[in-house]
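Using the hints, position chain A against chain S.
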Amino acid sequence: MLALEVSNLNFSYEDKRVLEDVTFDVREGEILTVIGPNGAGKTTLFLNLTGVLKGEGVIRLFGRSIDDFDRRELVETIGMVFQNPDDQLFMPTVFDDLSFGLINLGLDKDEIVDRVNWVLSKFRLEEIRDQYPHHLSFGEKKKVAIASVVCMKPRILLLDEPTANLDPISRRDLIETILKLVDEGMTIVIATHDVDLALYSNRVMILNGRVIDIGEPDEILSDLDKLKKNGLDAPQIVKLFLSLGLQAPRSFDDAVKILKRFLS
Amino acid sequence: MRHHLIDRYSHLESPIHKLDPRAKLLGIFILLFSTVLLRDLTSCLLSLTISISLLLMTRIPLRFVFEQLKYGLIFIFAISITMFIFGHEPFKVFLRATSALILIFVAFSTSRFDVSIKALNGIGFPNILTQILMFTYRYIFVLAEEYEKLSTSLKLKNFEWKTSKRTLETVGKLIATLFIRSYERSENVYKAMIMRGYTGLNLMTDFKMGKYDLLFVATTLYLAIALHICSLWRFQI
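So the protein sequences, as listed, match chains S and A.
With the numbering used here applied, the first sequence has no gaps in its numbers, which climb one by one up to 264 at the end.
With the numbering used here applied, the second sequence has no gaps in its numbers, which climb one by one up to 1237 at the end.
This is chain S alone, in the form it adopts within the complex (with noise of 0.2 Å):
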């Protein structure tokens, strides 16, 4: 089934044309990862597919238009992390940060508490349930911020550049914590500068105001020339793989596969 479907959005900022004719579709549990330069239109297409702005269009969730759902519906079933975490983190505590979406929602306070305790337990925030935002990390915001989306159980995630200014650490959990998410069936699309980790995606698509292409990640990141010509670059191991005379890999795991027969 398809979770998300995009034909023909257009949208301007007073006179600059930022999206046009964006066309894509994304299936239900899969992960999709948007690439392109600064400027491109990522986090605009993001905030048209909220609803928060308004295109020309089609946007379709789960087969409905989404101009058919009202906000409770919309936000239970898509939501989005921004960039910056001190954009979306605006409550005193954490606690009060995620508990917000679901008192929106009107739920009862012992369901609110469960919800809040669940995805605390979830991405390991326990022991900054009543701290200040302000006193958090930049990982650590990071985090409480997708937990106070992920908390709504939107079917429908979309990450906004989720591994920009993230140590390494923090971003290896936070990939883990993404590929889990997957695995319980959320839909996941991300908007990336970091090539890196398109390689975890099932497909990939470069926009650059409008859909340059779209395809499995070894057919899009192994066409240097389509990146570079898009203020792109590939994933190292791709280009290693590439020079090294080797088909491009799909993923990690598909990268260890292919070196293993190369050397045996």
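Note that these hints are calculated values from the structure, not bench results.
Note that CB positions come from ideal geometry on N, CA and C, so glycine has one too.
Take the hints with a grain of salt, since some may be wrong.
[To be verified] For lysine-lysine, the following BS3-like pairs were computed, each having C-alpha atoms within a straight-line distance of at most 27 Å:
| hint | chain 1 | residue 1 | chain 2 | residue 2 |
| --- | --- | --- | --- | --- |
| 1 | S | Lys16 | A | Lys1191 |
| 2 | S | Lys239 | S | Lys257 |
| 3 | S | Lys239 | S | Lys226 |
| 4 | A | Lys1208 | S | Lys54 |
| 5 | S | Lys229 | S | Lys180 |
| 6 | S | Lys226 | S | Lys180 |
| 7 | A | Lys1018 | A | Lys1208 |
| 8 | A | Lys1092 | A | Lys1070 |
| 9 | A | Lys1149 | A | Lys1173 |
| 10 | S | Lys109 | A | Lys1092 |
| 11 | S | Lys109 | S | Lys122 |
| 12 | A | Lys1165 | A | Lys1155 |
| 13 | A | Lys1149 | A | Lys1162 |
| 14 | S | Lys239 | S | Lys229 |
| 15 | A | Lys1165 | A | Lys1149 |
| 16 | A | Lys1018 | A | Lys1211 |
| 17 | S | Lys153 | S | Lys54 |
| 18 | A | Lys1191 | S | Lys122 |
| 19 | S | Lys239 | S | Lys228 |
| 20 | S | Lys153 | A | Lys1191 |
| 21 | S | Lys141 | A | Lys1149 |
| 22 | S | Lys109 | A | Lys1208 |
| 23 | A | Lys1157 | A | Lys1173 |
| 24 | A | Lys1191 | S | Lys109 |
| 25 | S | Lys122 | S | Lys180 |
| 26 | S | Lys109 | A | Lys1211 |
| 27 | S | Lys228 | S | Lys16 |
| 28 | A | Lys1018 | S | Lys141 |
| 29 | S | Lys16 | S | Lys226 |
| 30 | S | Lys153 | S | Lys180 |
[Claimed, not checked] Here are a few chain A residues that face chain S, going by a calculated C-beta distance under 7 Å:
| hint | residue |
| --- | --- |
| 31 | Asp1114 |
| 32 | Met1134 |
| 33 | Arg1138 |
| 34 | Phe1141 |
| 35 | Lys1191 |
| 36 | Met1195 |
| 37 | Met1204 |
| 38 | Lys1208 |
Below, chain A alone, put in the same frame as chain S:
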């Protein structure tokens, strides 16, 4: 970055700290309103005694209290001197304002600030004002960090603070940059709130008002009335 927080000693265990935050705020506000309306010197002195007694009951280190209140006290002192110069009675103003300042400190230093905000909401403080207070508290530190980054950036570019036109221009640009960043952030925060179903602020609290809390409110009410009876009596004499 080190933040100067009024609620640094909110974890202490004093009779004031143990109060339900709503009862504490309500009781202290009753005393506060009573204090600012006093008309004679004796009752103002009594009010100051009550405020200082409450402050001592909190067991917050006096050095910290002084650090937090020094600018307020300097301001009150300056106003009192100005009033004296212009021929007005400065002592009552000084005593009333100092009492009020101490009472406000006791109210907000003995609970975590987020708890105080929720307590304000709980005693009927307007929702919109609660939200403004909450966002101010959340983002004042973000703004302070951004200011610090900009200030460091100026230092790294060998900028020196002088009494010159260039310094004024630079400070103007720095403030403009902070303003634009704050504006952009406020737009993003609003979008994030909408995406999480915001239609108006609802806060989840687990306050419980007990006998001890009711006794505190009743005592403050009694003291507030007693101060005014004393004030009226002294005024008539």
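Cross-check of the supplied hints:
1. Lys16/S <-> Lys1191/A: holds (21 Å)
2. Lys239/S <-> Lys257/S: Cα-Cα ~17 Å, so holds.
3. Lys239/S <-> Lys226/S: holds (14 Å)
4. Lys1208/A <-> Lys54/S: violated (45 Å)
5. Lys229/S <-> Lys180/S: violated (34 Å)
6. Lys226/S <-> Lys180/S: Violated, at about 32 Å.
7. Lys1018/A <-> Lys1208/A: holds (11 Å)
8. Lys1092/A <-> Lys1070/A: holds (19 Å)
9. Lys1149/A <-> Lys1173/A: The hint holds at about 14 Å.
10. Lys109/S <-> Lys1092/A: violated (49 Å)
11. Lys109/S <-> Lys122/S: holds (20 Å)
12. Lys1165/A <-> Lys1155/A: Holds - the C-alpha atoms of lysine 1155/A and lysine 1165/A are around 18 Å apart, at most 27 Å.
13. Lys1149/A <-> Lys1162/A: holds (20 Å)
14. Lys239/S <-> Lys229/S: holds (16 Å)
15. Lys1165/A <-> Lys1149/A: Holds. Lysine 1165/A to lysine 1149/A sits at ~23 Å (cutoff 27 Å).
16. Lys1018/A <-> Lys1211/A: holds (12 Å)
17. Lys153/S <-> Lys54/S: holds (24 Å)
18. Lys1191/A <-> Lys122/S: holds (26 Å)
19. Lys239/S <-> Lys228/S: Between lysine 239/S and lysine 228/S the Cα gap is close to 13 Å, so the pair holds against 27 Å.
20. Lys153/S <-> Lys1191/A: Holds. Lysine 153/S to lysine 1191/A sits at ~19 Å (cutoff 27 Å).
21. Lys141/S <-> Lys1149/A: Since the Cα atoms of lysine 141/S and lysine 1149/A sit roughly 19 Å apart, the hinted pair holds (cutoff 27 Å).
22. Lys109/S <-> Lys1208/A: holds (16 Å)
23. Lys1157/A <-> Lys1173/A: holds (15 Å)
24. Lys1191/A <-> Lys109/S: With a Cα-Cα distance of about 25 Å, the restraint between lysine 1191/A and lysine 109/S holds, given a limit of 27 Å.
25. Lys122/S <-> Lys180/S: Since the Cα atoms of lysine 122/S and lysine 180/S sit roughly 10 Å apart, the hinted pair holds (cutoff 27 Å).
26. Lys109/S <-> Lys1211/A: holds (25 Å)
27. Lys228/S <-> Lys16/S: Measuring from Cα to Cα gives roughly 24 Å; hence the hint holds.
28. Lys1018/A <-> Lys141/S: Violated, at about 31 Å.
29. Lys16/S <-> Lys226/S: Within the cut-off at roughly 24 Å; holds.
30. Lys153/S <-> Lys180/S: Roughly 14 Å between the alpha carbons, so the hint for lysine 153/S and lysine 180/S holds.
31. Asp1114: Holds: closest Cβ of chain S sits about 3 Å from aspartate 1114/A, inside 7 Å.
32. Met1134: holds (6 Å)
33. Arg1138: At about 6 Å, which falls below the 7 Å cut-off, the nearest Cβ of chain S leaves the hint on arginine 1138/A intact, so it holds.
34. Phe1141: Holds, about 4 Å.
35. Lys1191: holds (5 Å)
36. Met1195: Holds - the Cβ of methionine 1195/A comes within 7 Å of chain S, reaching about 5 Å at its closest.
37. Met1204: Hint holds; methionine 1204/A Cβ to chain S Cβ min 5 Å, cut 7 Å.
38. Lys1208: Hint violated; lysine 1208/A Cβ to chain S Cβ min 14 Å, cut 7 Å.
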